[in-house]
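Asker: Construct the complete structure from the given sequences, taking the supplied hints into account.
Chains as they are written, first to last, in the numbering used here: chain A, -5 to 418; chain R, -5 to 418.
Quick caveat, the hints were computed from the structure, so don't treat them as lab data.
Identical copies look the same in the list; a pair holds intra-copy or inter-copy alike.
Straight-line distance between alpha carbons at most 30 Å, and here's what the computed BS3-like set of lysine-lysine pairs gives:
#, residue 1, residue 2
1, K295, K254
2, K295, K89
3, K231, K89
Number of protein chains: 2
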Amino acid sequence: MALHVADLPYAMSKILKGAAVIGQSGGPTAVINQSLVGFIETATQQEVITRVYGARHGVQGIMCGDLVDLAKESAANLEAVAQTPAAALGSVRLKASADDVAAMIKTFKKFDIRYFFYIGGNDTAETAHIVSLEAAKQGWEMRCFHIPKTIDNDLKVTDHCPGYGSAARFVAHAFQGDDRDNRSLRGIKVNIVMGRHAGWLTAASVLGRRTGKDDGPHLVYLPERVFEPTDFLAEVKATYERLGRCVIAVSEGIHDADGKPFLQTYAEMSGSAMAGEVDSHGNVQLSGTGALGDALANLIKEALPGTRVRADTFGYLQRSHPGDVSTVDQEEARAAGRAAVVAAVSGQYDHGTIALRRIEGDTYASETFVGALADVAKFTKDMPAHFLSGRHDVSSAFVDYALPLTGGITPMADLDFAPVELLN
Amino acid sequence: MALHVADLPYAMSKILKGAAVIGQSGGPTAVINQSLVGFIETATQQEVITRVYGARHGVQGIMCGDLVDLAKESAANLEAVAQTPAAALGSVRLKASADDVAAMIKTFKKFDIRYFFYIGGNDTAETAHIVSLEAAKQGWEMRCFHIPKTIDNDLKVTDHCPGYGSAARFVAHAFQGDDRDNRSLRGIKVNIVMGRHAGWLTAASVLGRRTGKDDGPHLVYLPERVFEPTDFLAEVKATYERLGRCVIAVSEGIHDADGKPFLQTYAEMSGSAMAGEVDSHGNVQLSGTGALGDALANLIKEALPGTRVRADTFGYLQRSHPGDVSTVDQEEARAAGRAAVVAAVSGQYDHGTIALRRIEGDTYASETFVGALADVAKFTKDMPAHFLSGRHDVSSAFVDYALPLTGGITPMADLDFAPVELLN
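Answerer: This is the structure:
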């Protein structure tokens, strides 16, 4: 993948000599360490980068000076770390306050850090942006880059996010297996997939589905649409009557017309302990609990008494399973880490985000380019209308978009079921 | 793998010519179709086997004559089916009654079926046994063979069960990924693994754990031990205080000293809707719901207020994920299907179960042999005492036993975290 150098504001073209630090932030992915290793192997080769530091647990490590020397890592260990899911440096969920940023810049000055790289989602991009602005205000010359990472695939600017392809691969395989399971023993099966605001990962449930074979998922519910329990039950019932079975993909973020999560509505309706944990903002906890799946299964059981109904919540398995990773995703995550260093030392930007775009052609290929932090920070990207189909499915345009990112999904196979001719 | 022909009761040595039928029963595995394909490719080459039939949905298909002609399958399609998880012929959960067996034998006579093969667990072996005895009583000469299959690994006679190695691989990888996730963001994580009566699959959670690296799972709760909620909370607390995090593997079948499932006790205690479904025998539903994980997470949250506690229930994902299958398990399942045909046409047995045993040597290898149906039917096999360690772990002997069956688990890697030396 080539690095495309776009014209951007804040263009600079002078040499900046000093140490570099990298941190990891937010939820893990299967390839977040590919970006880290891509960064390390490139940064250690730059003359202008005097030291290559890692911050433990992201900005937290920078604030308190908890740094490690990444230049001392062996190539063999780096390769093993690249294959290891979840943030090798440790992660953090923290929106940096003004005090936090002040503490960070103090560390930058102490260690002569002139390059700051931060791997994560849109909050991470925002932190990089704030740090960049504050450093400029204090006259501390430095360059700040965001390297995208999220299984949610909901960042702007980039065509897709490193981490998504592997999670999509896992989800597609899980639905393939579960659809075979459901074919084999029949009944109604609800599977809850991560994604509070955007349906990208839930949509990946269809990527191993064959056409014309009655493969599941038969119904796909995304947060891009309003969830109507009555419609849901009617659609489940119709599918079950038609096929004698039904596999359903549900995003954890399904909600009513006012944006209220369905699980919260259900809990209030039923006065049930199934509501799960409520955080300090009053939001119900959607991940790390089976509550939503069990709530939907209960609804179906009430509507279709005696039917075998089961629910699984994919939970944390889908974001860091080391046994089923997309090679395309691995390569792109690695490339994004490398590209961030190249962009930073080029002198053309004082900050930016590394984004991916497709290269036109018959086979899938991508290249990196540099986008503006302000375009990524604070925003998320829902699935566009042309990736949706009807009330409970996704379009073939989505499949064309997402399938290459998984590294490819092999279709499942049926027996031919040739009829028996009687002897005699 | 060689087929070892042991001496057994019911030895026969005459030629029996007729059709063969095969069925699949019970919960799916990732390799149950390997056994089916091993059977088909061997049965179609036997002169004495006139037709090769498949029964849809096991004994149900035999009872109502719902058979397909498996000899018409192409080799290429069979190979694709072998790679496809869950019963390609459809499965069934049915203990055959006397009437059911009578209906089956009627079908055998109608289609001149002299060979019956049934892939499944101990109930399946029992069905094969009952059918064999009833056919003999009616003077219908036939041979009945059981081909083992279960992710639970709880069958007698065989060293291990086809299907277990792949499920164990998935569980080991899931815990590796989840342990990295927990290292990265910290907190307490409960993972519920299948296994109502035996802990084999939950024990597989340790197979990717390195020694001396504080890898999880840090606590492993199996149905082979009595589950004491008070001890559990004390152990979780101690681990969390020591490491600042804790990953816990829990079998769905944990129970009190009287054998009552913990989830049932919890539901009665809390009067909670979390109890989930109760079946016709009064047993609470353990699979296909997140209730047990959520119950344990709630207990921990009450004991350690403010701590980040999450629970995942691996559910059906662990038994039929097509993206992460053990090649050793695939080969052994295939070999068991082939061996069943060889044993049946050999004339040495009128019924039996195909079992696996290890071949002594430096590297793992196995061979099949024929065991007696009566030794498999009705029984299950718990983990032996020497595979357990202390109150909440498994032994290295268990790791030596189980690791080869997964096809191997690559260890995860840490950064070296070399300390930073300040400049000047």
